[in-house]
Amino acid sequence: MSKRSTIVVSSSEDEDKDGSFNSKRGYSKCKSRRKNPSGAKKARISGSRPRLCRDSSVFDEMRLFCEEFGEGLTGFKVSAGSSRCGGKELWVDKYKPRSLEELAVHKKKVEEVTVWFEKRLRTSREETCNLLVITGQAGVGKSATIHAIASHLGARLCEWNMPIPTIWQEHLHNTNSGIRYTSKLDEFESFVERMRKYGIIPPSFAGESKSPVILLIDDLPVTNGNASYRRLRNCLQLLAQSTQIPTAILITDYGKADSADNIATARCLEELQLSLENAGACKIAFNPITSNSIKKTLSKICRQEQCGVTADQIDLIARSSGGDIRHAITSLQYFCLKPDPKLSLSFSEPARTYSKEKSDELNPLDDGFSLPFGRDETLSLFHALGKFLHNKRESENAIAPGQEAFLVSERLTRLPLKMDAPERVLCQAHVQARPVADFLHENVLDFMSEEAIDDASAVASYLSDSDFLLAAHRGMFATSYEAGNVLQSAAASVAARGVLFGNSHPLASRWHAIRRPKLWQVEQSSLHNKCEILGQRLVALSTSNISVIATEYIPMFKWLRYGASGGFEDYQALIQGNETELDDNDSMILDEKENEISDDEIEDW
Amino acid sequence: MLWVDKYRPKTLDNLIVHNDVAQNLKKLVTEQDCPHLLFYGPPGSGKKTLIMAILRQMFGPSADKVKVENKTWKIDAGTRTIDLELTTLSSTHHMELNPGDAGFQDRYIVQEIIKEMAKNRPIDTKGKKGFRVLVLNEVDRLSREAQHSLRRTMEKYSASCRLILCCNSSSKVTEAVRSRCLNIRINAPTEEQITKVLEFIAKKEGLQLPSGFATRIAEKSNRSLRRAILSFETCRVQQYPFTNNQAMPPMDWEEYVSEIASDIMKEQSPKRLFQVRGKLYELLINCIPPEIILKRLLLELLKKLDAELKHEVCHWAAYYEHRMRLGQKAIFHIEAFVAKFMSIYKAFLIATFG
Numbered sequence: 001m002s003k004r005s006t007i008v009v010s011s012s013e014d015e016d017k018d019g020s021f022n023s024k025r026g027y028s029k030c031k032s033r034r035k036n037p038s039g040a041k042k043a044r045i046s047g048s049r050p051r052l053c054r055d056s057s058v059f060d061e062m063r064l065f066c067e068e069f070g071e072g073l074t075g076f077k078v079s080a081g082s083s084r085c086g087g088k089e090l091w092v093d094k095y096k097p098r099s100l101e102e103l104a105v106h107k108k109k110v111e112e113v114t115v116w117f118e119k120r121l122r123t124s125r126e127e128t129c130n131l132l133v134i135t136g137q138a139g140v141g142k143s144a145t146i147h148a149i150a151s152h153l154g155a156r157l158c159e160w161n162m163p164i165p166t167i168w169q170e171h172l173h174n175t176n177s178g179i180r181y182t183s184k185l186d187e188f189e190s191f192v193e194r195m196r197k198y199g200i201i202p203p204s205f206a207g208e209s210k211s212p213v214i215l216l217i218d219d220l221p222v223t224n225g226n227a228s229y230r231r232l233r234n235c236l237q238l239l240a241q242s243t244q245i246p247t248a249i250l251i252t253d254y255g256k257a258d259s260a261d262n263i264a265t266a267r268c269l270e271e272l273q274l275s276l277e278n279a280g281a282c283k284i285a286f287n288p289i290t291s292n293s294i295k296k297t298l299s300k301i302c303r304q305e306q307c308g309v310t311a312d313q314i315d316l317i318a319r320s321s322g323g324d325i326r327h328a329i330t331s332l333q334y335f336c337l338k339p340d341p342k343l344s345l346s347f348s349e350p351a352r353t354y355s356k357e358k359s360d361e362l363n364p365l366d367d368g369f370s371l372p373f374g375r376d377e378t379l380s381l382f383h384a385l386g387k388f389l390h391n392k393r394e395s396e397n398a399i400a401p402g403q404e405a406f407l408v409s410e411r412l413t414r415l416p417l418k419m420d421a422p423e424r425v426l427c428q429a430h431v432q433a434r435p436v437a438d439f440l441h442e443n444v445l446d447f448m449s450e451e452a453i454d455d456a457s458a459v460a461s462y463l464s465d466s467d468f469l470l471a472a473h474r475g476m477f478a479t480s481y482e483a484g485n486v487l488q489s490a491a492a493s494v495a496a497r498g499v500l501f502g503n504s505h506p507l508a509s510r511w512h513a514i515r516r517p518k519l520w521q522v523e524q525s526s527l528h529n530k531c532e533i534l535g536q537r538l539v540a541l542s543t544s545n546i547s548v549i550a551t552e553y554i555p556m557f558k559w560l561r562y563g564a565s566g567g568f569e570d571y572q573a574l575i576q577g578n579e580t581e582l583d584d585n586d587s588m589i590l591d592e593k594e595n596e597i598s599d600d601e602i603e604d605w
Numbered sequence: 001m002l003w004v005d006k007y008r009p010k011t012l013d014n015l016i017v018h019n020d021v022a023q024n025l026k027k028l029v030t031e032q033d034c035p036h037l038l039f040y041g042p043p044g045s046g047k048k049t050l051i052m053a054i055l056r057q058m059f060g061p062s063a064d065k066v067k068v069e070n071k072t073w074k075i076d077a078g079t080r081t082i083d084l085e086l087t088t089l090s091s092t093h094h095m096e097l098n099p100g101d102a103g104f105q106d107r108y109i110v111q112e113i114i115k116e117m118a119k120n121r122p123i124d125t126k127g128k129k130g131f132r133v134l135v136l137n138e139v140d141r142l143s144r145e146a147q148h149s150l151r152r153t154m155e156k157y158s159a160s161c162r163l164i165l166c167c168n169s170s171s172k173v174t175e176a177v178r179s180r181c182l183n184i185r186i187n188a189p190t191e192e193q194i195t196k197v198l199e200f201i202a203k204k205e206g207l208q209l210p211s212g213f214a215t216r217i218a219e220k221s222n223r224s225l226r227r228a229i230l231s232f233e234t235c236r237v238q239q240y241p242f243t244n245n246q247a248m249p250p251m252d253w254e255e256y257v258s259e260i261a262s263d264i265m266k267e268q269s270p271k272r273l274f275q276v277r278g279k280l281y282e283l284l285i286n287c288i289p290p291e292i293i294l295k296r297l298l299l300e301l302l303k304k305l306d307a308e309l310k311h312e313v314c315h316w317a318a319y320y321e322h323r324m325r326l327g328q329k330a331i332f333h334i335e336a337f338v339a340k341f342m343s344i345y346k347a348f349l350i351a352t353f354g
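Residue numbers (full-length UniProt numbering), protein chains in the order written: chain P, 1 to 605; chain F, 1 to 354.
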């Protein structure tokens, strides 16, 4: 057994129908802790466990315990606390869907999954692959669906939760007490190995052994680097080939919320999914939950909790949650906790206008102040670039002339943008100014209409400004970080707004691939060529100025070489002559290879 | 061996070009202690030749014995140490390097190398303490910080070390550095001088030179002696008995630029702009400096342009050239110029021809 086995056997019968059901998460974690055979502290916690619900002094003890494990386990603390406080548990857990009807997930998807499980459970131990991959972004109810289906089918659910990360103090403690550290991936591997060899260990109580078993693997271990990634893939493929019981793997999709460093992870996950599918696994992708079904769930909760939240507010929460129902419920709870007078005031205003004009619907979200709920939307770099490049605008100026603070001449007016302020988009995309400018520069010309050279000129001049700002940033970087930061964002803003403003006749929207800036490649090869020239200039040539070599010597060599019949030999002779000339310096090392390289380079011209 | 190197004057005597400057320098070096020197002038005017000749005048033939070294300098910059690799060309008496190659870390190079040179100063045969000479090429490419630290080190180590700076434009060298040096402007040779040099070479090589041929090369050379000699040699390789109407081999990149220019004149559209960008990239990959591309492009465009527009186009070229110096990525600015030109030219075409 691994040191912290986290297979939590929670049969569906476990799920009490009354409200006092302990937070499942907290429970399972406590349990997994309890199994943990690491030293005296564990003894204390297991000792305290039976008294938990009665004795309030246990709370302190519990907290002490938690604190000993440091801040890394805040999640644990919260759930442990909630399990004790009876009625005050989190709504997310309290209103966890218990039946298929309660699920907010789209009916068809649920059906698909149910059908799959039913088929597998009926005709198990066949040639077909017993693996189901469910993907979807966080909080779309992947786990909840499986749980609900399991209870619907009367199946026993075996869950592999990712082990809790080992924190440093714990690690030290463990090493002191002689327990070797195993990585999460190791643990997962050994788990899969066990699964293949022995299947699920039958539960101790014999009565339920007949009920079918579903294995749920909730999220895969994090892999870092190619080696561990390969291990994980092999391990999963083994699992796909050999698993006897229907297994569901839940993969959280990070595709949308990517910043640059996440792209690699996302790609890995995609590859994993592909390889699993090739191994015969069935893949079902969950979409973000529609705001309507979130709304339905939220209003149901509101009814049960009897909190006075208006439909508009629910609507707002639902829409701002971005299809993440867990988040929506938590926001609702938070919102009900302490209704902010200022907030409700600001709500009432747009609420009135809703019925009147549809176009203003998104206004409260776009307002300057930040709502106490709602996920901060992140955009991928390409999404943001697409917004700038496509340059979508309203078809007419919606703002009444009276509202405009100042009038600008016809030439300079533009229709209002169909998006957030460019700065906001940039901020959401979490990108640096330099790549933004480069990408815009590379791609903007594709998005211009054929005749609009004036626009192109305007855009080019703005991009030039932006580059200038970025360069100024570099110079100042050493002296003041703050100033550099401001310049950076100013440069990004100039680039984005310049593209938006300059391109006054954007092409009708159609599909464009956004190219990677060719500039980067050009810079690299230019640098490479430069290095080669530099490498040999002092050897073969008397001058040292790179521009002179590039503009005068190299073209000349080319002529010397190809111009006449004897050109090549002449050129060789030239180099040879130089060599012999220089060879009388004993320390002079002339690399033959270097000369070859130079020849190739010139040939490439 | 290239003629450019073969017929490079080795001493300060009997030069065809800049003989007066050479004589003054010779007097300066032989009669008294030499101050720091700053040579500036357009490319191909003979700065480097003069510097080599001075070194020879100072130290005798041993200055010719140079070795190329790829040296790594370990620099302690407060919290971290920086490793910089730089190719140097040195003899016992002097060291030559291009501090601009170090990029933005050039200021460390300047400080560190001068310090090190000053530390182990040579003692000449008479037991007198001598000095070493540091030749810094392309000083105008140094960053402002580097030039400031250059100034400090110049002051501190002036007893043991002389600097010879070499650059194209003295306007990019800070006032402080300039005032500590003896500034020597090397003019571009006149066409007559170039013709004279070419005739001299022809005589030495034993070539029959038709009259007017050397003049033609000189005219095409843009008053760069190096270029004239190089193209003279190319002509020789291409076709020997020279004929008077022999075509000068053009520089390929210049042809390319004029191709770009005619592209621009033919069509003004974002699509064309994109094609032009591709061609500009091609030039940049081959290490043609962006300033030179812009300048050449302007010249080519002006050739075909109505006089009415010339003023405006020149203005924008200057504007974006300045921008390019301040900015980071040259292509942004060259392209902005091209776009601006296209816009102006198109408006002009519409106004004149409707």
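The set of hints was computed from the structure by calculation and includes no laboratory data. Just so you know, these numbers come straight off a predicted model, no measurement behind them. Please note that the accuracy of each hint is not assured.
Said to hold, decoys possible - Here are the simulated BS3-like cross-link-like pairs (lysine-lysine), alpha carbons at most 25 Å apart as the crow flies: (1) Lys392/P - Lys418/P; (2) Lys119/F - Lys172/F; (3) Lys74/F - Lys530/P; (4) Lys115/F - Lys65/F; (5) Lys558/P - Lys271/F; (6) Lys6/F - Lys558/P; (7) Lys518/P - Lys279/F; (8) Lys156/F - Lys530/P.
Claimed, not checked - Quick list of the computed label-pair ranges, beta carbon to beta carbon: (9) Asn485/P - Ile16/F: 53 to 61 Å; (10) Asp83/F - Asn234/P: 35 to 43 Å; (11) Glu270/P - Lys303/F: 30 to 38 Å.
Claimed, not checked - Heads up, incomplete: computed chain F residues facing chain P, CB under 7 Å, no partners named: (12) Ser269; (13) Tyr281; (14) His333; (15) Glu335.
Even for Gly, the Cβ is constructed at its ideal location relative to N, Cα and C.
Hints violated by the structure (listed by number, smallest first) | 2, 5, 8, 11
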